[in-house]
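Chain by chain, the residues run as shown.
Number of protein chains: 4
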Amino acid sequence: MLRFAQFGAGRIGAIHAANLAATKDTQLLHIVDVNADAARVLAARHGAKVSTVSEVLADPQVDAVIIASSTDTHADLVIAAAKAGKAIFCEKPIDLSLKRVDACLAAVKKAKVPMLVGFNRRFDPSFAALQARVAKGEIGNVEQVIITSRDPGLPPISYIKVSGGQFRDMTIHDFDMARWLLGEEPVELFAYGSCLVDPAVAKAGDTDSAMIVMKTASGRLAHINNSRRAAYGYDQRLEVHGAKGRLIAGNRTATTVELADGNAVSADKPLYFFLERYAEAYRAELAAFVSAVQNRQPMPVGPADGRQAIVLAEAAVKSLRTGRPVKVG
Amino acid sequence: MLRFAQFGAGRIGAIHAANLAATKDTQLLHIVDVNADAARVLAARHGAKVSTVSEVLADPQVDAVIIASSTDTHADLVIAAAKAGKAIFCEKPIDLSLKRVDACLAAVKKAKVPMLVGFNRRFDPSFAALQARVAKGEIGNVEQVIITSRDPGLPPISYIKVSGGQFRDMTIHDFDMARWLLGEEPVELFAYGSCLVDPAVAKAGDTDSAMIVMKTASGRLAHINNSRRAAYGYDQRLEVHGAKGRLIAGNRTATTVELADGNAVSADKPLYFFLERYAEAYRAELAAFVSAVQNRQPMPVGPADGRQAIVLAEAAVKSLRTGRPVKVG
Amino acid sequence: MLRFAQFGAGRIGAIHAANLAATKDTQLLHIVDVNADAARVLAARHGAKVSTVSEVLADPQVDAVIIASSTDTHADLVIAAAKAGKAIFCEKPIDLSLKRVDACLAAVKKAKVPMLVGFNRRFDPSFAALQARVAKGEIGNVEQVIITSRDPGLPPISYIKVSGGQFRDMTIHDFDMARWLLGEEPVELFAYGSCLVDPAVAKAGDTDSAMIVMKTASGRLAHINNSRRAAYGYDQRLEVHGAKGRLIAGNRTATTVELADGNAVSADKPLYFFLERYAEAYRAELAAFVSAVQNRQPMPVGPADGRQAIVLAEAAVKSLRTGRPVKVG
Amino acid sequence: MLRFAQFGAGRIGAIHAANLAATKDTQLLHIVDVNADAARVLAARHGAKVSTVSEVLADPQVDAVIIASSTDTHADLVIAAAKAGKAIFCEKPIDLSLKRVDACLAAVKKAKVPMLVGFNRRFDPSFAALQARVAKGEIGNVEQVIITSRDPGLPPISYIKVSGGQFRDMTIHDFDMARWLLGEEPVELFAYGSCLVDPAVAKAGDTDSAMIVMKTASGRLAHINNSRRAAYGYDQRLEVHGAKGRLIAGNRTATTVELADGNAVSADKPLYFFLERYAEAYRAELAAFVSAVQNRQPMPVGPADGRQAIVLAEAAVKSLRTGRPVKVG
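Chains as they are written, first to last, in our numbering: chain A, 58 to 386; chain B, 58 to 386; chain C, 58 to 386; chain D, 58 to 386.
Hint data in this document are derived by calculation from the structure and do not stem from the laboratory.
One or more of the hints may lead you astray.
Partial chain D-side listing against chain C, Cβ under 8 Å, derived [stated by the list, open to error]:
| no. | residue |
| --- | --- |
| 1 | ASN76 |
| 2 | ALA79 |
| 3 | ALA186 |
| 4 | ALA192 |
| 5 | LYS193 |
| 6 | GLU195 |
| 7 | VAL244 |
| 8 | GLU245 |
| 9 | LEU304 |
| 10 | ALA306 |
| 11 | GLY307 |
| 12 | ASN308 |
| 13 | ARG309 |
| 14 | THR312 |
| 15 | ALA317 |
Just so it is clear, CB atoms sit at the ideal spot from N, CA and C, and this is done for glycine as well.
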């Protein structure tokens with residue numbers, strides 16, 4: 058039996074709590090949230106207590122914590138949880154500042170607690186199958202990676218303002234995908250960013266459209282394209298080219314229904330957004346965390362992965378600001 | 058709170074019990090199975106008691122029963138459960154004999170209990186979406202229905218022998234699909250059956266390959282093709298042609314990964330069999346039952362539907378035996 | 058150099074003449090048509106003479122004839138051309154009456170002239186590739202064949218009246234496909250026909266919607282579905298199931314463009330009708346004829362194939378009339 | 058009647074000559090090639106004379122020339138043909154040096170002769186349909202363009218050495234596609250190039266793998282990925298994202314046949330290389346040239362387009378050499 062406390066009772070918190078409820082040999086003891094109502098509702102739904110951070114950390118029954126609160130709280134919670142000896146499941150990003158990320162990594166290392174960083178896409182059945190087939194050598198040496206990652210619609214400008222910017226908030230997932238698929242660390246990148254969706258984004262100092270290219274030491278290349286708007290839903294595709302062929306992972310749809318009429322042959326749009334597209338991924342991610350803790354095995358995606366994605370995001374920010382390619386690492 | 062007892066702790070029973078466990082406002086009180094071990098394991102997993110039929114029927118706490126035991130026990134359990142005033146969720150078929158089916162219908166009618174017959178395919182997201190779009194008139198008046206329904210592999214001959222034959226055991230689902238999609242009752246059918254997969258099937262007096270055509274009063278046409286073997290997995294497709302176009306619902310795959318190499322561009326096979334393909338359908342089916350009972354609404358697929366599928370299966374058996382088309386009542 | 062005369066300067070005649078013009082080592086000498094204007098235009102376009110039937114048959118320079126005139130003239134022309142020792146390319150059907158077909162076959166046999174019957178679909182790149190892969194054993198023994206064949210729209214009722222009926226006019230192609238793919242001759246069939254598209258068709262004594270099932274001696278099964286209307290264009294698909302898998306040949310589209318928008322992901326409709334879909338097939342068919350004549354090799358589809366398709370069409374007509382399955386001799 | 062002379066009797070010359078032979082109201086009078094045998098064979102096939110450059114230019118019967126000889130001869134021939142008042146169909150690139158390209162443009166302008174530059178992809182049915190739909194506003198304002206362009210295999214190193222390098226030889230087509238689809242001129246680009254396919258390419262001073270990003274004045278973004286090797290054939294895809302949706306044009310296949318077996322569901326690889334994939338495009342391109350000359354209409358792709366693609370290629374070369382983004386224009 059693995060006993061949990063969860064920080065955060067918002068949208069993503071609700072998902073993790075529900076997945077935990079469906080996971081054998083686990084129990085959710087505490088919910089913590091600054092929004093007392095949200096905490097109460099979620100706690101009631103899953104038979105947990107509403108608690109404070111210090112109550113959670115002081116509770117010797119708590120084996121593991123899920124950090125699903127707002128980004129600015131992640132680092133403090135990681136450090137505190139590590140000191141308290143709890144296993145840590147932390148939503149991405151660890152923090153928007155690399156310095157604070159490093160403080161987290163140090164705390165986790167010192168406490169020797171296991172930590173998973175919530176790069177949920179690694180657990181998407183299609184993406185995971187693609188990566189496993191790349192790793193197995195099905196397409197030979199990887200040469201190029203192309204990542205399409207486009208959100209269905211712009212978040213509120215208020216969110217944009219505190220998001221850390223498109224590269225740290227959105228592209229961070231794609232940086233993780235690129236590292237995971239390239240089989241080598243990117244050593245340089247170049248980024249273009251534009252504001253094409255809504256001028257309010259530019260006013261807020263951010264971009265809503267981006268294209269990035271990256272290079273590894275041996276010359277492998279990766280491309281990411283991002284947009285905060287895709288009229289047809291959440292566009293999440295991977296494409297890997299190797300010496301022996303190409304692997305593509307496409308979007309998922311709600312149904313396989315196809316209509317042929319006087320206009321066209323038409324099929325479903327992609328699933329709407331991350332809650333729909335990555336529902337299975339969130340379940341598999343939590344299961345992987347639980348299994349790794351229980352079996353004292355390495356985390357499939359750890360703090361160093363969380364750090365490196367931030368490093369790439371910072372490089373992209375610098376590239377955008379300077380208009381120059383930026384060395385990484 | 059809707060309280061359940063379940064008859065049957067086998068493969069399909071395990072599915073229903075697990076889905077029930079994930080359904081709010083329900084509780085599983087009893088598990089009944091002639092296999093005591095199976096009953097014990099499933100009951101333990103879901104916090105239910107191992108009980109007998111009479112204990113279940115005598116328990117006033119039990120609101121509803123799930124009948125997922127072997128086919129030959131369905132009719133007696135339906136009748137007994139109806140007399141005991143329980144809502145009934147009955148796996149297909151109600152019975153292999155039309156006479157006994159009619160006895161069940163009479164008992165259910167008399168007792169005025171709600172009853173759902175387990176035609177799970179009606180709850181498959183793709184099939185349900187297709188039917189809803191047909192019903193909405195997206196392709197105009199229905200003209201032709203084509204149903205492909207092929208199992209991945211032959212069941213044991215011991216199963217074949219007690220199955221009631223391919224039409225009653227396998228095609229029965231397709232007869233239900235045809236009725237559901239045609240928008241009119243078939244009034245005549247003609248059936249071919251062959252033994253192409255394994256001569257042992259013919260020895261057991263059954264067929265493993267079949268093609269059926271059906272006609273409604275207004276001349277709408279339907280075709281079903283069946284095989285007990287499909288090397289590539291479970292092939293379950295619907296195609297409906299109407300005055301304004303065509304709707305197709307295809308197979309589902311585990312992933313969207315596609316490999317292009319020196320040989321071909323290749324994608325996943327269809328999901329392996331009904332447990333995989335219809336996992337969502339089983340969940341939705343149980344949810345529909347619970348909701349209909351709780352809200353005292355009509356069942357989406359009721360005893361008359363269960364009967365009519367048997368009527369068509371019997372007609373197909375007769376057509377095969379006589380080599381003639383057979384009128385349907 | 059192979060020198061041709063062509064009977065028929067209509068739509069299909071224009072196609073054959075153009076294909077001939079693009080075929081090396083061939084020359085078109087004569088065009089014959091009751092419509093003098095059509096003959097003149099086509100002859101002028103290709104540098105041929107407008108001639109009469111007797112002029113063509115008496116011209117020792119003519120090696121081969123293309124019979125692309127109206128169906129009722131086919132048999133007489135075949136017999137006359139055979140007597141005159143010309144190689145014969147005859148559009149389907151040879152004739153609507155089996156007796157006259159047999160007279161043609163006798164004349165061709167006696168004269169020992171090569172004859173190809175215009176079952177163009179055998180030369181469609183996708184259908185030909187599918188059949189070759191079936192023949193190569195890629196899916197093991199054939200078990201079931203499913204043929205979808207639906208025209209984009211109803212021809213004029215005046216055409217329906219002289220067409221010989223849907224089975225002889227339209228399904229005849231599908232009967233040929235079924236024979237070609239089953240690897241065994243059908244020994245029995247059963248046919249349903251309805252009038253769902255336009256009541257005028259029923260008034261003309263014909264059907265516009267049909268479903269047929271067929272059986273071979275070893276129990277292989279085939280299904281054909283036909284409609285005179287498909288709102289989305291010409292629907293021409295083959296599906297063959299064997300012991301080791303399934304081969305499908307789908308429709309062709311003008312482009313590979315796909316639109317994703319707020320409604321759906323939509324692609325091109327199938328190519329509109331036979332002129333578009335089978336353009337390549339018509340070229341390949343003529344090339345195969347020329348090559349077989351020049352190299353004195355057997356015709357890929359000969360008079361016996363033309364006859365057997367008529368036999369099946371007649372059986373279907375009889376099945377529809379009697380409401381019974383019909384043995385095929 | 059439009060009378061042609063053609064420079065070049067190689068692979069691409071054979072295609073243009075054959076397409077010309079199938080084009081109404083045209084005649085091929087002369088073939089010129091340094092390879093006398095090749096010239097003789099092609100001239101014989103199409104009833105043309107083998108001639109010299111000066112004979113062609115001095116022949117008043119010649120209305121138009123097709124320049125399909127080696128790249129280093131293009132510029133001189135363009136200038137000479139312009140002076141001689143001939144309409145010019147010139148294979149891409151006009152020249153590898155921008156200076157010489159400008160000399161050509163000046164000559165053409167002065168002579169007021171029509172000139173088409175052979176960017177065949179603009180005439181591919183799928184790409185042309187996609188561009189037309191973008192232009193019609195089907196996806197609103199263009200925001201991002203993604204171009205995949207990968208050859209099936211490495212050309213001989215001897216060819217690489219005289220090709221002008223990957224950007225001028227291969228990417229030049231993609232630069233044209235990007236300009237055509239973006240709806241605005243790129244004002245800056247950044248290029249990565251690697252040698253991943255064969256170290257001999259690096260020895261020859263070239264790259265075999267490349268990724269480029271481009272930006273327009275209003276911030277629209279484009280990405281190109283290139284490889285000299287794709288194990289599965291010629292990979293040629295376009296993807297355009299706009300405010301209202303996404304348009305994709307995919308690869309073409311020889312057939313629509315799909316096999317489902319115990320391993321996968323597999324379809325045809327893309328057509329092998331440009332001769333197969335762009336066969337229709339070459340026909341349409343020549344037809345467009347002939348039609349524009351005959352009707353005195355503007356060329357769909359003119360000398361300025363040929364120049365601008367070279368400008369972008371030179372910018373990419375400079376970016377690769379300096380490791381910096383490069384302003385264009």
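Are any of the numbered hints broken by this structure? If so, which, sorted upward? Going through the list in order, the structure violates hints 1, 4, 5, 7 and 8 and respects the others.
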